[in-house]
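Novice: Protein sequence lines correspond, in order, to chains A and B.
Quick note on our numbering: the first sequence kicks off at 1 and runs consecutively.
Quick note on our numbering: the second sequence kicks off at 1 and runs consecutively.
Treat the hints loosely; a few may be bogus.
To be verified - Facing chain A, according to a computed beta carbon distance under 8 Å, are these residues of chain B, among others:
(1) Arg113
(2) Asp154
(3) Val162
FYI, nobody ran anything at the bench for these hints, they're computed from the structure.
For clarity, every value in this text was computed on a predicted model and none was experimentally measured.
Here a beta-carbon is modelled for each residue, glycine too, at the ideal position from N, C-alpha and C.
Protein chains: 2
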Amino acid sequence: MRVLILGGDGYLGWPTAMAFANRNHEVCVVDNYLRRNLARQMDRGPLIDAPKLDDRVDIFKALSSHTISVAIGDCTDSTFLSDLVRRFEPDTIVHYAELPSAPYSMIGPAEARLTFENNLKSTFNVIWAILEHVPACHLIKLGTMGEYGTPNIDIEEGWIDVAHKGRSQRFLYPREAGSLYHTTKILDTDLLWFYVRAYGLRVTDLMQGPVYGLSTAEADLDSRLSPNFHYDDVFGTVVNRFLVQAAAGIPLTVYGAGNQIRGFLNIKDTIQCIELAAATPPAAGELRILNQFTELFSVNQLAAKVQQAARLTGLAVTMQHLPNPRLELEQHYYNAKNTGLIELGMEPNLMTEAVLAEMLQTVLRYRNCIDTAKIMPRVRWGRRQGPPPDVA
Amino acid sequence: MRVLILGGDGYLGWPTAMAFANRNHEVCVVDNYLRRNLARQMDRGPLIDAPKLDDRVDIFKALSSHTISVAIGDCTDSTFLSDLVRRFEPDTIVHYAELPSAPYSMIGPAEARLTFENNLKSTFNVIWAILEHVPACHLIKLGTMGEYGTPNIDIEEGWIDVAHKGRSQRFLYPREAGSLYHTTKILDTDLLWFYVRAYGLRVTDLMQGPVYGLSTAEADLDSRLSPNFHYDDVFGTVVNRFLVQAAAGIPLTVYGAGNQIRGFLNIKDTIQCIELAAATPPAAGELRILNQFTELFSVNQLAAKVQQAARLTGLAVTMQHLPNPRLELEQHYYNAKNTGLIELGMEPNLMTEAVLAEMLQTVLRYRNCIDTAKIMPRVRWGRRQGPPPDVA
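The whole structure should be built from the sequences, with the hints applied where relevant.
Specialist: Laid out in structure tokens, this is it:
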């Protein structure tokens, strides 16, 4: 299979590329280093700095004998992307080429505009590159569980049958997100669904929860092949932040009440999910939507798990509640379905204390590089007067 | 009230501007003549050619003594729009600045891209110009009934309470449109709803059906103040096409079975609706959605009405069914609510035979300018194999 990975420099893009190459697929990674450059400009570099793609490809080849080709360019440039797709003729495109940060998208107009235009244009260009050159290609698009927000009813997998006044209709599950970044993913879904219906595209849209983990079969070959690890207030995730805080001996910062529930998954399971999706493409004209997470935790539960893992490692860790910089419900119903990927054969790697302790050991090796000034939230969502409105 | 009208050269933009000016509001119209230029480039000019804005403003001033200011520029240029909003300080912005053609958006990648980027960027820029300079400004955004598509359940006004497994949640009514153009309006709605929630914008989103008519209180002052009138396959609407076909003595072309139902309204009612919306702004942080049409007709019913009006005028008109170039259901349930604007005080001008006969008289005055080669559909929606899929 020829697999084109857009956003191949990212936390998930690079491990995905190695995994496909290791199974003898022909892999090409594409990136313009936008996230990497923004993080550097904003003094929010990762704890573990990954070499650039050409170097990582060389390191991976020396260790595994597998070749990954690299195209440096911008997926918002339609000519670049169209030419690449025409030449590479992918069977599968994995589209990670989006700015991934909710806080970044909420800094101000310039950051909002960059997130909006980058994410929407890249998706639009991928759609048309496929329609023009490889119409049977399977597009695997990374959405986010954040598209659904926190509705007061069960979250189904992408679709919902609505009964209304004695009649019924199946719809895309209504989406209502908590940041502009997450909203760009809603717009992506609307756009994909239109082109699936109108032109018979075949698309898998994966509604992914926050991913954690540094270990994959291929990343473990050499520390220079590790996924990047951001822990700052803009590009970091809550699991990374807690692990760094535990390693640095400072309190775990919980935003608000900490009862916000999200669906998490291990990076090994992201790779499993992408591989399973690629192996079972949907029909032409089908938009298959799968919810991609393995476990639901509240932020408080997550903090307790990190505390417990730290205890195993001999570290005593406290917890601190901060005013919530985000617009989100801190107490809400949450029951999300995730059976689709299990039915495809996904075998979850759960967030055990051993897994967290192993991540913590890795972070401790980089303890001297931790800059605690990067951690506290500095981006506050738009409307600051009064409490966040109930999104219902 | 200071009213900024984006897309002021359009079929609705210009009559809206005159109506507000005539009620002594301070009005500024903005346009970059994109639709006008595209129509000319594609040899799809209007039957009735409107002077450019500077000339129309002079004609209107001479007749009414009211001044309308003009800003020629592109709303996708954030600096231009931001500067304009900062200087004009509008209380109300009416946002018509979108490419309005479903067929145009379905021609190919270049036309799809222009529609996508023009419409999304203009909406994004309007949002941020308001947030930065006039946060209390009321944004009146033109959506379309086409956002809803043709679901098998009643179409409510913007929102729906979904009961699911014993719980319930109010959502944006799920949208599923039949063209890329209509899909850009869905994306607009998603984006507006996010910024309303996050930053407290005040927005009225009007889900408008196809508009017909050439007569408004101000347009009737002088034929050079008439709204433009496109009848071709790309920029024309079904009512205009039928009237021109009746005037030219050629059959009315019905796409497919002709049982497609849509909600129509007279241009006088568009102006009433905009004025009523402007007079009753929603609260900060409220997205008010109103369905803007007065009557439901099938395409066959519309053809019969035009036939009857033609008969009154002494013309015999036949009907011809064409293979449907669009992706749409030709037989479907349709029950759309439109009580919101009636409750605000809108008094419908219905599509009587007299109204159609009057339009037909106007068209007959331009009979010698009709180019029948412009009428037959030349844009066919993406997937042509087999019948259109059931969008359910």
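Novice: Does each hint fit the structure? Answer for all of them.
Specialist: Verification of the hints:
The interface hint given for B/Arg113 is met, as the beta carbon of that residue sits about 7 Å from the closest beta carbon of chain A, less than 8 Å. Interface restraint check for B/Asp154: the shortest CB-CB distance to chain A comes to about 5 Å, inside 8 Å, so the restraint holds. The beta carbon of B/Val162 comes within 5 Å of a beta carbon in chain A, closer than 8 Å, and the hint placing it at the interface holds.
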